[in-house]
Structure formats: C-alpha cells, structure tokens
Amino acid sequence: EAQVTQNPRYLITVTGKKLTVTCSQNMNHEYMSWYRQDPGLGLRQIYYSMNVEVTDKGDVPEGYKVSRKEKRNFPLILESPSPNQTSLYFCASSNQQGGWLEQFFGPGTRLTVL
Amino acid sequence: AQTVTQSQPEMSVQEAETVTLSCTYDTSESDYYLFWYKQPPSRQMILVIRQEAYKQQNATENRFSVNFQKAAKSFSLKISDSQLGDAAMYFCAYRFGRSGGSNYKLTFGKGTLLTVNP
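Which chain is which? The protein sequence lines are R and A, in order. Just so it is clear: in the first sequence, position 15 is 183 by the numbering used here, and no numbers are missing. Just so it is clear: in the second sequence, position 90 is 94 by the numbering used here, and no numbers are missing.
These are calculated hints, taken from the structure and not from any lab test. Be aware that one or more of the hints could be misleading.
Computed spacing ranges between beta-carbons, pair by pair [what the hints assert, rightly or not]: (1) A:Gln-73 x R:Gly-184: 28 to 38 Å; (2) R:Leu-209 x A:Asp-35: 45 to 55 Å; (3) R:Ile-180 x A:Pro-45: 15 to 25 Å; (4) R:Thr-173 x A:Ser-84: 33 to 43 Å; (5) R:Asp-224 x A:Gln-73: 53 to 63 Å; (6) R:Ser-250 x A:Gln-18: 38 to 48 Å; (7) A:Glu-19 x R:Ser-250: 23 to 33 Å; (8) R:Thr-280 x A:Asp-35: 16 to 26 Å; (9) R:Ser-250 x A:Ser-34: 34 to 44 Å; (10) R:Ser-235 x A:Gln-18: 46 to 56 Å; (11) R:Glu-221 x A:Glu-33: 40 to 50 Å; (12) R:Ser-250 x A:Ser-84: 44 to 54 Å.
No farther apart than 27 Å at their CA atoms in a straight line, the calculated lysine-lysine pairs in the DSS-like style are these [unchecked claim]: (13) R:Lys-233 x A:Lys-114; (14) A:Lys-82 x R:Lys-225; (15) R:Lys-185 x R:Lys-225; (16) A:Lys-114 x A:Lys-77; (17) R:Lys-239 x R:Lys-225; (18) A:Lys-59 x A:Lys-77.
Covered by chain R, per the in silico footprint, the following chain A stretches (three or more residues, Cβ under 8 Å) [what the hints assert, rightly or not]: (19) 19-28; (20) 107-114.
All figures in this text were calculated on a predicted structure; none of them were measured in a lab. Cβ atoms here follow ideal geometry from the backbone N, Cα and C, with glycine treated the same way.
Next up, chain R with everything else stripped away, as it sits in the complex:
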C-alpha cells in the first residue's frame, strides 16, 4: 500500500529535550515536505526536500532541522523544543513527473512541548 508514515503519532516532551519525528514514504517520491498545523493558521511549510541531500527552508523553519540521507526518509529534528512548537505536524511527499503532482500526507504527529 502506497503510504507516508510518521512516528511517533503523539509526543509529549519538555522544553529543551531534543527530539526527532520520523517520516518515511514507500512511493519512491523525490519531493518531501514538512508542515505544521496550528488553530486558525492552516498548514504552513517548515522545510522541503527536492531529493537526497537537497533540502531548503519553507515559511517557518526557525527551530527545526531536517536531513535527507535516503530517498524514502525525511526526519524532522527539534534540537531544543520550545512550547511555541506545540503543534500538529504533517509530512508529505510527491513525485516530480509533471502534472498536478498529488501530495500524499502522513497521518500527523501531535507534539506537545511543556
């Protein structure tokens, strides 16, 4: 089954404790992206990756890091989480073969930073 998986689905942590949210896709997609969703703000892009070892900032990159060492994986790293990073996070992936390029979303990760 074609899918994007994220782990963990729920996480409660404390300020300053480094954490990683994993994202993996099995569709051989080149493009992957992270969004955060906050009430009243919709979804906003954090980082994206066009391919292995190619990443760039989205609209709200502060406080986050990413890496793309393998095509299928695109982890989101919070080196020193703060309460304002409490949010719902989505990973998405897409191919680059032209057309409307449907983005497939993961199930979301609910992060709470105390």
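Given chain R's structure and the hints, the job is docking chain A onto it.
Coordinates of chain A only, in the frame set by chain R:
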C-alpha cells in the same frame, strides 16, 4: 507571495442539503493548481477535488464540485446531498504550476469547519 483566504471559519448544513464553502486566492502566476482538502476528526488530510487553472471546466467529483472563477480568483466548493460523514475541517490550497526543480509547496487557507446536522 501567494495567499489563500477562507472567509468562513465555520459553516453548518442540514443533512441532504447543499452547502458552499468559499475560497479566494491571490497570485501573479497564470499556471497553478487549486485543491480542497478535507480533515475529519482523525486529522488525516484527504484530497477532495482539484482544479487546474488552465482548464475552464469546473471540476466535479461525485457530490463535490467547484466553481472556479479565474478572473475573480475565486474557488468555492459545493457539497450536494450533505452527509454526516462530510463533517470536517475543509482547507483550500494553492500550488503554482511549474515543475522540475521547484518547491511544490501547498499554500493553505485557514480552514472552514463544517458541521452537518441530522
């Protein structure tokens, strides 16, 4: 920068009735795509319908249809014969049309929470 505006934070509809959700966007591009996503309580993002800007014909998917007005930069979603399972948050989203080496970022509106009353 592109922006997407959903002016209705909440809407409600009676079961079996029709409801229209509004969306406007701002872009200087001529080639782009527009989407409606549904987010039920499970939080999964589900693509409902898409529209290519170069197509004049409005997209339709079963009970879901859009009214795409390119000149007015308007992209509303009509849900016919509303069902209890349609209750969800609905997001309008925009993506520019260039491909190959570009950021395929989706720009989302803030969402409209749809309630379906039995």
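Hints and how they fare:
The hinted range of 28 to 38 Å is not satisfied by A:Gln-73 and R:Gly-184, whose Cβ atoms lie roughly 49 Å apart. The hint said 45 to 55 Å for the Cβ distance between R:Leu-209 and A:Asp-35, and at roughly 27 Å that hint is violated. About 20 Å separates the C-beta atoms of R:Ile-180 and A:Pro-45, a value consistent with the hinted range of 15 to 25 Å. A hinted range of 33 to 43 Å for the beta carbons of R:Thr-173 and A:Ser-84 is consistent with their spacing of about 34 Å.
For the pair R:Asp-224 and A:Gln-73, the supplied restraint of 53 to 63 Å is violated, since their beta-carbon distance comes to about 33 Å. Between R:Ser-250 and A:Gln-18 the C-beta distance comes to about 44 Å, which sits within the given range of 38 to 48 Å. A:Glu-19 and R:Ser-250 have their C-beta atoms about 44 Å apart, which leaves the hinted 23 to 33 Å range violated. For the pair R:Thr-280 and A:Asp-35, the beta carbons lie near 40 Å from each other, so the given range of 16 to 26 Å is not met.
Distance hint for R:Ser-250 and A:Ser-34: a CB-CB separation of about 41 Å, consistent with the stated range 34 to 44 Å. Taking the beta carbon of each, R:Ser-235 and A:Gln-18 are about 50 Å apart, inside 46 to 56 Å as hinted. For the pair R:Glu-221 and A:Glu-33, the supplied restraint of 40 to 50 Å is violated, since their beta-carbon distance comes to about 29 Å. R:Ser-250 and A:Ser-84 have their C-beta atoms about 45 Å apart, which keeps the hinted 44 to 54 Å range intact.
For the hint pairing R:Lys-233 with A:Lys-114, the CA-to-CA distance comes to about 25 Å; that is within 27 Å, so the pair holds. For the proposed pair A:Lys-82 and R:Lys-225, the alpha carbon gap of about 35 Å is over 27 Å, so the pair is violated. At roughly 23 Å between alpha-carbon atoms, R:Lys-185 and R:Lys-225 fall within 27 Å of each other, so this suggested pair holds. Simply put, A:Lys-114 and A:Lys-77 have alpha-carbon atoms about 17 Å apart, close enough for the 27 Å limit, and the pair holds.
Proposed proximity of R:Lys-239 and R:Lys-225 is supported: the alpha carbons are some 18 Å apart, at most 27 Å. Between A:Lys-59 and A:Lys-77, the direct Cα distance comes to roughly 14 Å. Compliance with the 27 Å bound is thereby established for this hinted pair. Closer than 8 Å: that is the beta-carbon criterion, and the stretch 19-28 of chain A has 0 residues meeting it against chain R, so the requirement of 3 is violated. Proximity of the stretch 107-114 of chain A to chain R, defined as three or more residues with a beta carbon under 8 Å from a beta carbon of that chain, is established by the 7 residues found.
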